[in-house]
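Read top to bottom, the protein sequences are chains A and B. Going from the first sequence to my numbering is simple: count from 1 and add 6. Going from the second sequence to my numbering is simple: count from 1 and add 194.
Since the hints were derived computationally from the structure, they do not count as laboratory data. Do not take every clue at face value.
Stated by the list, open to error - Dumping the calculated BS3-like pairs for lysine-lysine here, alpha-carbon to alpha-carbon at most 27 Å: (1) LYS259/B <-> LYS413/B; (2) LYS146/A <-> LYS199/A; (3) LYS472/B <-> LYS413/B; (4) LYS10/A <-> LYS413/B; (5) LYS10/A <-> LYS472/B; (6) LYS146/A <-> LYS378/B; (7) LYS378/B <-> LYS257/B; (8) LYS478/B <-> LYS378/B.
Spelled out from the first residue to the last, the chains are:
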Amino acid sequence: MQYKARAYLCASVLLISFGMLQLFEPSANTEPTEGIDQALPDTFDTWVRAEYLGLAPAKVIAPAEAAEGVMVSEAIYFGSNNERVMVSLSYAPNQFDSRFTAHRPEYCYKAQGFTTGPTNDRALRLADREFEVRSLTVSKGPRQETVTYWMTLSGQPVLPGLSRMAAQIGYAVRGEIPDGYLIRVSTINDDDKQAFDINRRFLTAWASSMEKEWHQQLVGIN
Amino acid sequence: MQNRELTRQYPIDYSPETWLVLTSLLLILAQTFLRLRADIWPQEQYSYGPLIPLIFCYLAFFKRKDWLRKDQHDTRPFVGLLIIVLSLCGLFLGRRASIIALETAAIAPVILGLVVTLYGISSARALRFPILFLLLAIPLPGIVMYTLTSQLKLFNAIWAVDLLYYWDYPVALDGVVITIGPYKLFLADACAGIHSLFALGILGSVVVYLAPNRSTRRKIMLCALLLPLALLSNFVRVLSLLLVTYNFNDAIAEQVHETFGYMSFLISISLLLYIDHKAQQFRKARHAIQS
Numbered sequence: 007m008q009y010k011a012r013a014y015l016c017a018s019v020l021l022i023s024f025g026m027l028q029l030f031e032p033s034a035n036t037e038p039t040e041g042i043d044q045a046l047p048d049t050f051d052t053w054v055r056a057e058y059l060g061l062a063p064a065k066v067i068a069p070a071e072a073a074e075g076v077m078v079s080e081a082i083y084f085g086s087n088n089e090r091v092m093v094s095l096s097y098a099p100n101q102f103d104s105r106f107t108a109h110r111p112e113y114c115y116k117a118q119g120f121t122t123g124p125t126n127d128r129a130l131r132l133a134d135r136e137f138e139v140r141s142l143t144v145s146k147g148p149r150q151e152t153v154t155y156w157m158t159l160s161g162q163p164v165l166p167g168l169s170r171m172a173a174q175i176g177y178a179v180r181g182e183i184p185d186g187y188l189i190r191v192s193t194i195n196d197d198d199k200q201a202f203d204i205n206r207r208f209l210t211a212w213a214s215s216m217e218k219e220w221h222q223q224l225v226g227i228n
Numbered sequence: 195m196q197n198r199e200l201t202r203q204y205p206i207d208y209s210p211e212t213w214l215v216l217t218s219l220l221l222i223l224a225q226t227f228l229r230l231r232a233d234i235w236p237q238e239q240y241s242y243g244p245l246i247p248l249i250f251c252y253l254a255f256f257k258r259k260d261w262l263r264k265d266q267h268d269t270r271p272f273v274g275l276l277i278i279v280l281s282l283c284g285l286f287l288g289r290r291a292s293i294i295a296l297e298t299a300a301i302a303p304v305i306l307g308l309v310v311t312l313y314g315i316s317s318a319r320a321l322r323f324p325i326l327f328l329l330l331a332i333p334l335p336g337i338v339m340y341t342l343t344s345q346l347k348l349f350n351a352i353w354a355v356d357l358l359y360y361w362d363y364p365v366a367l368d369g370v371v372i373t374i375g376p377y378k379l380f381l382a383d384a385c386a387g388i389h390s391l392f393a394l395g396i397l398g399s400v401v402v403y404l405a406p407n408r409s410t411r412r413k414i415m416l417c418a419l420l421l422p423l424a425l426l427s428n429f430v431r432v433l434s435l436l437l438v439t440y441n442f443n444d445a446i447a448e449q450v451h452e453t454f455g456y457m458s459f460l461i462s463i464s465l466l467l468y469i470d471h472k473a474q475q476f477r478k479a480r481h482a483i484q485s
């Protein structure tokens, strides 16, 4: 093949791709989410928010460089047996953008000087829906805390790792940009089994009392 | 006459077809660069970003006699076009899903495919460093960046505090908070030295690549030296900031913060050049003894 022919061939491949790129722009999942504080009500089941009991409100530490659209809400709930559960809920509109992707709590706790124990994934049944959540026990000095969390991509619960990557590529092929939540609860307790049980009971009660739209976003629908 | 001789020797190709290919390439990549400029390069750790395409253009132009020739006989149009189409698929997927890393990763193979199709395998070989260099523009996934940053930060904190403790300074470490004398210092992400690590790696490798009369093995060894040099110089920077804070005060430390950053960068580049210079002297001396 002559140089000219090869050059024209290359140029046409590039120009055709350019045209196709203009035709298929990705679409973001821009369903406006109301303030996520609403997902953490004052009371539900037997759980009561700390502020409702007249205790100091949970202080939300906003990310230092919170990007546009990122929302964080935190609360401390008291249970009927004086259990205390910390909840943290964060939302980001674009899980394909490195500034928005949810960080794994494993690393965040480590960065704060915690020693992190082994993580384990177990299935949790929340309001008729079963999916995997990740638990890890972290400690710093005398404080031992059991953290249970999961993430979502467009309302589907996922855990970081290969399955999340597979899900992301699926969205990419469909040309959809998923939004995502990080749902994290934790209990300070020296007995990690007991602590996980408290987390589990809290999550079960919370999920059952959730309004439909929140249920859809945080736990997903069957 | 001499000019014509040179042209025959290096029939550099500036034909209209070349310009057509170049224009369509720029057209397709423009959006990627605009997105990098808007989303990635403003981030501190990627501040070196704009340098990469610029250095690529400079290197490709600098080496143009080695590759920009249309009389080559080892072109592989089918292999080249296959590479182009596959990497354009990656670009397409990346742009469609807003995965900027995938989009950026596709740039280098698109260019490789074009060179193989138009100018042949030997031209692609001549351009291998600039093309590989383009891969450095790929932003790392957030989690990799995060792990790297936090690990480096802890590494600096632990070693700095251990060393100062050994020197009998009143110092303690809690997470990434260092207490020294009356001061409590929070190690920011910048203390990990990620941006100086990357910038040093990039500029250092270009310096090494352009250095004449050095074997590929030596160039690779010099590049490998960049990593410990960058780590060491950043560690020295964190250590000296701690010492300045303790011996003077935190306001002065704040002032010299940036200067120390530039200094550590200059020191590591100079160290690299010094080591290279010494190695060269050593080689000459050995040759002199042998002959």
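Structure-based check of each hint:
no., hint, result
1, LYS259/B <-> LYS413/B, "holds, 22 Å"
2, LYS146/A <-> LYS199/A, "holds, 18 Å"
3, LYS472/B <-> LYS413/B, "holds, 14 Å"
4, LYS10/A <-> LYS413/B, "violated, 38 Å"
5, LYS10/A <-> LYS472/B, "violated, 50 Å"
6, LYS146/A <-> LYS378/B, "holds, 19 Å"
7, LYS378/B <-> LYS257/B, "violated, 52 Å"
8, LYS478/B <-> LYS378/B, "violated, 52 Å"
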